[in-house]
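Participant: Here is how the chains run, residue by residue.
4 protein chains.
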Amino acid sequence: MKLGLIGFGRIGKIHYYNILQRIPEAEIVMVSDPMADLSAIGTAIGTPDDILNHEEIEAVIICSPTDTHADLVEACAKKGKHIFCEKPLDLSLERISAAIKLVEEHGVKLMMGFNRRFDANFLKIRELVLNGSVGEPQIVKITSRDPGPPPLTYLRESGGMFLDMSIHDFDMARYIMGKEVTGVFAHAAVFCGEDIEAAGDIDTAIITLTFEDQSMAVIDNSRKAVYGYDQRLEVFGSKGMVNVDNNTPDKHHFYNEQGVHSALPLHFFLERYTESYLLEMRQFINALKNGGKVPVGGEDARQATRIALAAKKSVKEKRWVSLEEI
Amino acid sequence: MKLGLIGFGRIGKIHYYNILQRIPEAEIVMVSDPMADLSAIGTAIGTPDDILNHEEIEAVIICSPTDTHADLVEACAKKGKHIFCEKPLDLSLERISAAIKLVEEHGVKLMMGFNRRFDANFLKIRELVLNGSVGEPQIVKITSRDPGPPPLTYLRESGGMFLDMSIHDFDMARYIMGKEVTGVFAHAAVFCGEDIEAAGDIDTAIITLTFEDQSMAVIDNSRKAVYGYDQRLEVFGSKGMVNVDNNTPDKHHFYNEQGVHSALPLHFFLERYTESYLLEMRQFINALKNGGKVPVGGEDARQATRIALAAKKSVKEKRWVSLEEI
Amino acid sequence: MKLGLIGFGRIGKIHYYNILQRIPEAEIVMVSDPMADLSAIGTAIGTPDDILNHEEIEAVIICSPTDTHADLVEACAKKGKHIFCEKPLDLSLERISAAIKLVEEHGVKLMMGFNRRFDANFLKIRELVLNGSVGEPQIVKITSRDPGPPPLTYLRESGGMFLDMSIHDFDMARYIMGKEVTGVFAHAAVFCGEDIEAAGDIDTAIITLTFEDQSMAVIDNSRKAVYGYDQRLEVFGSKGMVNVDNNTPDKHHFYNEQGVHSALPLHFFLERYTESYLLEMRQFINALKNGGKVPVGGEDARQATRIALAAKKSVKEKRWVSLEEI
Amino acid sequence: MKLGLIGFGRIGKIHYYNILQRIPEAEIVMVSDPMADLSAIGTAIGTPDDILNHEEIEAVIICSPTDTHADLVEACAKKGKHIFCEKPLDLSLERISAAIKLVEEHGVKLMMGFNRRFDANFLKIRELVLNGSVGEPQIVKITSRDPGPPPLTYLRESGGMFLDMSIHDFDMARYIMGKEVTGVFAHAAVFCGEDIEAAGDIDTAIITLTFEDQSMAVIDNSRKAVYGYDQRLEVFGSKGMVNVDNNTPDKHHFYNEQGVHSALPLHFFLERYTESYLLEMRQFINALKNGGKVPVGGEDARQATRIALAAKKSVKEKRWVSLEEI
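Residue numbers (numbering that gives the first Met the number 0), protein chains in the order written: chain A, 0 to 325; chain B, 0 to 325; chain C, 0 to 325; chain D, 0 to 325.
Derived from the structure by calculation, the hints contain no laboratory data.
These numbers come from a predicted model, not from an experiment.
The reader is advised that the hints may include incorrect statements.
It does not matter which identical chain is used: a pair holds within one copy or between any two.
As a list, the in silico PhoX-like pairs of lysine-lysine whose alpha-carbon atoms are at most 25 Å apart [as the list claims (entries may be wrong)]: (1) K77 x K123; (2) K238 x K223; (3) K292 x K250; (4) K223 x K123; (5) K223 x K178; (6) K123 x K250; (7) K250 x K238; (8) K292 x K100; (9) K178 x K238; (10) K78 x K288; (11) K312 x K1; (12) K238 x K100.
Make the full structure from the sequences, and use the hints.
Facilitator: This is how it looks when you write it as structure tokens:
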């Protein structure tokens with residue numbers, strides 16, 4: 000199974016080395032990134048077109064900037080190449096829908112990089128929901144806080160917190176519940192600096208999601224948790240409740256006269272989701288090899304984006320926004 | 000300090016025995032309850048009027064049914080007796096305001112029984128907020144779930160979940176934040192049976208509160224957590240985060256081939272808030288003796304009621320409701 | 000049920016107020032303590048002899064200094080009064096045996112104040128051992144550390160750490176295992192100051208106990224844990240393991256840039272064992288009223304003392320000491 | 000840096016793939032194992048002699064059966080090759096000493112595979128001891144229990160539990176304390192089956208270690224913890240206490256009517272110490288490349304073996320055994 004990789008930034012590198020070192024059944028045969036120094040890696044270098052036209056390449060991993068995703072997805076589809084694309088597929092719902100349509104028409108597989116679905120903690124929750132242990136799920140609670148806001152240059156292109164950051168949580172809520180969201184209410188604020196406000200963005204929010212059967216999810220987001228990356232989840236159902244705490248670098252408790260002290264959560268997503276990135280890529284390769292369905296598809300990207308757009312509207316209009324409006 | 004007690008139900012008994020056994024500086028000299036068997040207690044029995052007219056009684060503890068609270072508060076005020084009143088003061092905002100006005104006119108003290116403010120866990124959170132450890136509070140999260148719904152007869156008189164149960168959480172949010180709520184969004188559902196729906200009530204909700212400075216609180220409520228009474232709180236601020244877990248009857252962890260097993264939360268409010276009931280009464284007695292302010296006043300009852308009424312309206316109209324509308 | 004109380008020090012007061020406030024079926028009718036100011040309590044004051052000769056007193060609670068215990072126990076027995084005696088019964092094994100013999104001859108009940116047996120955590124462990132959850136117990140581990148050493152004046156009369164402090168743990172090991180100890184190895188040291196060494200005592204130890212069936216217990220003691228009172232227990236068996244952690248004043252976790260911080264254990268035995276003191280007294284009263292066996296008898300005192308003496312010998316001779324030698 | 004690997008069993012494979020995938024600065028150029036199927040790996044295959052005579056190989060990793068370790072270590076030393084050797088170096092103290100002497104004479108580096116020193120939890124404890132946070136360490140407590148006994152064929156060659164299993168804990172105690180052990184007391188038993196007894200071995204033990212300054216360590220071992228691999232450590236010192244709990248596959252807590260349920264420890268050493276194996280090998284490679292000292296040397300093997308032999312003697316003679324006797 001030969002692959003091409005477009006974009007050798009932070010995430011591109013993760014996928015590159017995971018495949019090189021830990022997924023022996025696949026091989027990246029060409030890498031493209033106009034900005035990165037690729038001289039040290041022992042893989043052929045090319046342009047995106049070189050990858051798209053490479054006859055042996057069956058699938059392409061897209062980790063380039065967001066505004067190139069939809070174009071590249073469509074180009075891959077036209078060339079009959081399967082696609083693994085980092086989120087978001089695009090910031091525009093129309094553009095996403097068009098890309099998905101093209102993908103379907105060309106019969107290629109598109110997997111979206113919602114890597115948190117592959118975290119051991121969330122998988123455990125999913126298992127306990129699916130096997131009925133928690134009964135009918137009624138409330139999902141997601142805490143998702145970053146250790147600090149990204150640079151303003153990044154923020155300005157990101158589509159805003161809901162489309163850039165909360166979108167992971169919207170996907171998680173759908174994934175855990177196995178149901179579609181019907182509407183959104185969001186209250187948001189800026190606490191992390193005037194720059195964010197000037198950029199028209201927000202950094203802190205409480206978002207309530209409603210589902211078809213009146214069950215509900217609540218997400219709280221902050222761009223700046225001084226104690227690090229906070230990623231917790233809880234499902235409350237008719238037969239029980241399950242929650243997961245953060246992972247930590249170690250399990251020590253230190254007792255002195257001042258109190259008991261223990262380790263902060265793993266600092267950020269690279270540390271917390273190391274194994275999730277590996278597992279999602281393994282499942283992508285596996286789906287290609289064995290002809291199955293990819294576990295996260297284009298429709299998942301579309302739904303998460305709709306929720307994000309509804310959240311934006313809800314903040315602006317201070318009301319619950321039905322997904323049907325989006 | 001001589002006291003009268005009106006209402007010898009579940010809560011009335013708690014106060015009675017706490018004062019008898021553990022608050023030696025006060026004494027209940029007369030008890031009134033037409034429904035309870037008072038023959039075994041060694042205290043004089045009388046009607047509410049007997050208590051109101053008892054010359055030595057300086058303060059009255061009101062634990063009778065909700066619909067008698069406002070009348071009794073006013074009657075006490077007119078007789079110049081200080082008042083400790085279980086929540087709610089009344090279900091009608093006008094009635095509450097009138098009672099508070101009368102209390103103020105007669106210069107008596109009125110303390111409301113929001114006993115959770117006196118729980119060691121929440122006091123600890125309050126301390127860390129007040130001393131600046133968490134910085135500027137941005138998000139308060141309250142989990143508040145009962146082990147099972149009360150009888151329908153109770154529910155029908157209760158004013159509904161927001162006025163009966165969530166009102167404790169509304170008070171807690173105000174207390175922890177030290178700020179006033181500006182608006183409410185609530186999504187609610189019925190998962191615990193058709194009876195509740197038929198009674199026009201709800202049993203599960205997510206409620207977002209907004210504060211003057213854009214900070215926010217989120218409360219999730221359920222009338223039926225099969226694993227018991229779930230009372231947790233978290234404050235997220237600019238300098239840190241603090242949360243408290245449930246209390247348990249013991250701290251055991253049992254490991255066998257199936258997993259690790261530990262104790263459920265203390266079953267319900269009588270177990271969880273045993274010491275809170277004592278501490279609130281001690282502070283009431285103390286405020287009377289030393290002439291200070293009572294820690295929870297009539298205005299607190301009024302504000303919590305306003306939030307509850309806004310939540311009801313929000314569910315009905317599917318929008319954020321400004322407190323100014325109430 | 001009328002009782003007399005001899006000794007109104009720290010422990011005597013606990014029993015006094017527990018009975019007064021929370022055990023209505025019993026009443027202390029006379030208190031004796033030559034050193035304490037008893038003017039404020041509303042109970043008759045007398046000499047120990049007054050109590051022994053008081054016709055209505057059925058049982059005596061002995062909380063006076065250690066060197067008076069055996070004499071008072073014997074005097075009570077001769078007068079036909081039941082006895083609740085704080086540990087130790089005596090420091091001399093012969094004296095203990097003699098007192099027990101007299102107690103048996105006079106057919107009175109003697110309960111020893113090993114109050115830790117009545118702690119909710121240890122009761123939970125005992126339950127899981129008795130109901131077979133942990134299978135055949137193989138290893139018991141007890142961590143028992145004080146927040147600081149007692150005054151030297153106390154230490155000099157105490158019989159040393161094994162007889163004064165570890166004796167609780169020796170009793171606990173027997174209680175949890177439900178088996179007799181066959182031998183002891185102890186390694187001890189002095190880390191808390193030259194005074195303790197000068198007094199011929201030790202302050203830190205690891206003690207291994209062996210049981211008839213080769214199962215084993217290990218206790219670690221320190222007179223000075225700077226972080227407070229550390230009382231944990233673990234049982235490892237053929238079907239599982241159970242342990243209990245310390246109780247804390249609250250369940251908060253505070254996260255800031257430095258780490259996660261939580262509450263230290265309850266400071267010392269008065270805080271940790273508040274409820275144990277109540278429960279043991281209730282069981283004593285109950286055994287008297289209903290004619291049952293007291294849950295901790297004189298033989299328990301004798302066995303714990305034998306283990307303590309064996310531990311002393313083991314440290315001195317640097318070898319395992321059979322209980323048969325004692 | 001070219002390496003040879005002798006022994007491609009469970010541990011040999013771990014080192015092989017760690018170097019192949021995650022330590023790019025080193026390369027295994029030849030593997031030797033008469034029993035394993037090596038056809039699938041892309042590395043040259045040879046006899047141990049081929050490796051010893053391979054001119055480019057600078058260091059040899061020895062993962063063959065225990066009874067070959069000392070011979071291979073000596074052969075490597077004579078050929079001037081650095082050595083990474085799995086524990087134990089040998090079961091005989093004389094043989095170990097001879098091998099160490101030869102290693103020193105030939106000026107090669109010998110690192111012993113006490114991989115637990117490289118576990119994040121124990122490293123954290125070591126850090127808090129070294130930086131003075133716990134003050135002067137007084138008590139070290141090690142819980143070390145396997146999920147099940149190894150096959151009898153293995154047991155018979157293993158030298159017994161102390162030399163095979165507890166030896167890791169003896170090394171850990173020395174490592175954490177940074178001091179030498181002066182004597183040992185051990186009580187041991189057989190609870191896991193007659194076969195173990197017939198083989199002259201034990202499966203459960205409490206071992207007390209004494210150090211030069213009277214500080215102490217206690218280890219409890221079992222060959223069969225039905226709930227999995229239990230690896231905990233605690234250090235108690237003059238300024239505080241630190242302990243580490245087991246690692247788990249996830250951090251979930253599931254609450255239902257029966258209780259709260261969470262994950263068992265990672266099943267066994269392959270899961271628990273995955274990263275420790277990698278880190279120890281990185282440090283070995285690093286020490287070779289940069290000319291530093293290896294972090295675990297032959298003397299560490301010798302001292303751990305002495306403690307194990309003393310423990311055996313202590314069980315037999317039921318007394319504390321000075322290390323000077325060994």
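Participant: Taking the numbered hints from earlier one at a time, note which ones the structure violates and give those numbers from smallest to largest.
Facilitator: When the structure is compared with the hints, numbers 1, 3, 11 and 12 turn out to be violated.
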